[in-house]
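Protein chains: 2
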Amino acid sequence: MASGQLSRAEALTREGVRHACHVMLYCDTRSKLFHRTPIGHIVLMQMRFDGLLGFPGGLVDPGESLEAGLSREVMEETGVALAFSEEDHMASCFAPTTSGPPSTPPLITHFYVKKMEEDQIRAMEIAGPSRAVDHGLEVLGVVRVPLYFLSDGGGLPSFLSHGFAGNARSQLLDALRRYHLVAPDDLGRALTSAVQVTARS
Amino acid sequence: MASGQLSRAEALTREGVRHACHVMLYCDTRSKLFHRTPIGHIVLMQMRFDGLLGFPGGLVDPGESLEAGLSREVMEETGVALAFSEEDHMASCFAPTTSGPPSTPPLITHFYVKKMEEDQIRAMEIAGPSRAVDHGLEVLGVVRVPLYFLSDGGGLPSFLSHGFAGNARSQLLDALRRYHLVAPDDLGRALTSAVQVTARS
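Protein chains in written order, with our numbering: chain D, 1331 to 1531; chain F, 1331 to 1531.
Everything labelled a hint here was simulated from the structure, so no lab data went into it. Small disclaimer: the values here were computed from a predicted structure and weren't measured. Careful: at least some of the hints might be erroneous.
Note that identical chains are pooled: a pair holds if it fits in a single copy or bridges any two copies.
[Said to hold, decoys possible] Heads up, simulated SDA-like pairs for lysine to any residue below, C-alpha to C-alpha not over 25 Å straight-line:
id	residue 1	residue 2
1	K1362	L1467
2	K1362	M1446
3	K1362	A1457
4	K1444	A1341
5	K1445	A1339
6	K1362	E1340
7	K1362	G1496
8	K1444	I1456
9	K1362	D1482
10	K1362	M1405
11	K1444	S1337
12	K1362	G1388
13	K1362	V1463
14	K1445	G1518
15	K1444	L1336
16	K1444	S1460
So that you can see chain D by itself, here it is in the shape it has in the complex (with noise of 0.2 Å):
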């Protein structure tokens, strides 16, 4: 188990910690891009308050259950209601350290995948900003992962250039991995020029 990884039964049993869940949201599609590239997997993430890329969540509040309070978060950011069971769990690990005051306990993220329908990602894209009470302070909007490949280098790898909030975008690339989203070899092809992206910049 990679360092920093740990159960969701064990990361329950962990005293004056704190826990925020996030959930990758996704469907299957049939639809191409320009009529010709296919686009395989529509998959959710948001442009948060703070200018980076994340996941939909948030903290878990004292006495909350985990997936009570990623239902909760998920309602409060997209206007939908979602449940959520330990089934759509996939990983936890501990956050990297931040600069916050000392006192601040450690925080443990969740992080769980929910397959949907086509119609119900896209009722998800249109509540967002007509009904999320949290659309236009804490989500700025909501954007799909381009997971195809253009041949001028665009589509994921320059998508896996931006800026990530937290482990948001490891997060990204385990479930890609994890669920078959992307071949291995294509996703490994992503990231190294997404590497460049950056280096160029």
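Given the coordinates of chain D, assemble chain F onto it according to the supplied hints.
Same frame as chain D, but now just chain F:
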């Protein structure tokens, strides 16, 4: 006049060139983040199909006026009919040479800025995923640009560390300066921090 810049009238006298028009749509807002940080203005950008951030717009068709071309592209990308005039024009410049085939004619990019009301901006955010023909294809989502500064470096500095299409980043900075949406000193501060973020990543 900065290198590569030219007037709208000059641009229209050039032969054998292509034209592309993009627009920054914005409004004032009194809303506050976390009930304390003034948001000031809502500026719209979008996540493009190529995984980069940019402004609504695109290539003008042969025989089409610049403003009609912009209007058509904005309709396709946002689902909203907006008319543009010469008064909305802010700047024109030759696009950086791309790696396209040598026969590709040079591209002149025109940038427009249009101030709207807050309810019109909100209506555009809702219209995108519900009505725009390009949603999920050429446009992966609409995002607001944070113009504020959070104590941990979040806000405009982290937003500026993302990947932008063509000259969209400098168009954004020029417009924020020109229309006094961010104080010049703050803009300089944001740029310095953004460079540091990029260098760290």
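Hint check results:
Only between protomers do K1362 and L1467 lie at most 25 Å apart by alpha-carbon distance; the minimum there is 8 Å, versus 33 Å within a single protomer. Taking CA atoms no more than 25 Å apart as the test, K1362 paired with M1446 passes inside one copy only; the shortest distance there is 19 Å, against 33 Å between copies. When the C-alpha separation of K1362 and A1457 is checked against a cutoff of 25 Å, the pair qualifies both within a copy, at 24 Å, and between copies, at 21 Å. Proximity of K1444 to A1341 under the C-alpha cut-off of 25 Å is restricted to the intra-copy arrangement: shortest distance 21 Å within a copy versus 50 Å between copies.
Only within a single protomer do K1445 and A1339 lie at most 25 Å apart by alpha-carbon distance; the minimum there is 23 Å, versus 52 Å between protomers. With identical chains, the CA atoms of K1362 and E1340 are never at most 25 Å apart, being 43 Å at best within one copy and 39 Å at best between copies. For a Cα distance limit of 25 Å, the shortest separation of K1362 from G1496 across copies, 24 Å, qualifies, whereas the shortest one inside one copy, 32 Å, does not. Taking the shortest Cα distances, K1444 and I1456 sit within 25 Å of each other both inside one copy (18 Å) and across copies (24 Å).
In the homo-oligomer, the alpha carbons of K1362 and D1482 lie at most 25 Å apart inside one protomer (18 Å), although the nearest pairing across protomers, at 40 Å, exceeds that limit. Taking the closest pair of Cα atoms, K1362 and M1405 come within 25 Å of each other only across two copies (20 Å); inside a single copy the shortest separation is 30 Å, beyond that limit. Taking the shortest Cα distances, K1444 and S1337 sit within 25 Å of each other inside one copy (18 Å), while across copies they are farther apart (51 Å). With identical chains, the CA atoms of K1362 and G1388 are at most 25 Å apart between copies only, with a shortest distance of 20 Å across copies and 33 Å within one.
Taking identical chains as interchangeable, the C-alpha atoms of K1362 and V1463 lie at most 25 Å apart only when they sit on different chains, with a minimum of 13 Å there against 33 Å within one chain. For the homomeric pair K1445 and G1518, the shortest alpha-carbon distance inside one copy (24 Å) is at most 25 Å, but the shortest distance between copies (43 Å) is not. In this assembly of identical chains, the alpha carbons of K1444 and L1336 lie at most 25 Å apart only when taken from the same copy (20 Å versus 50 Å across copies). With identical chains, the CA atoms of K1444 and S1460 are at most 25 Å apart both within one copy (23 Å) and between copies (22 Å).
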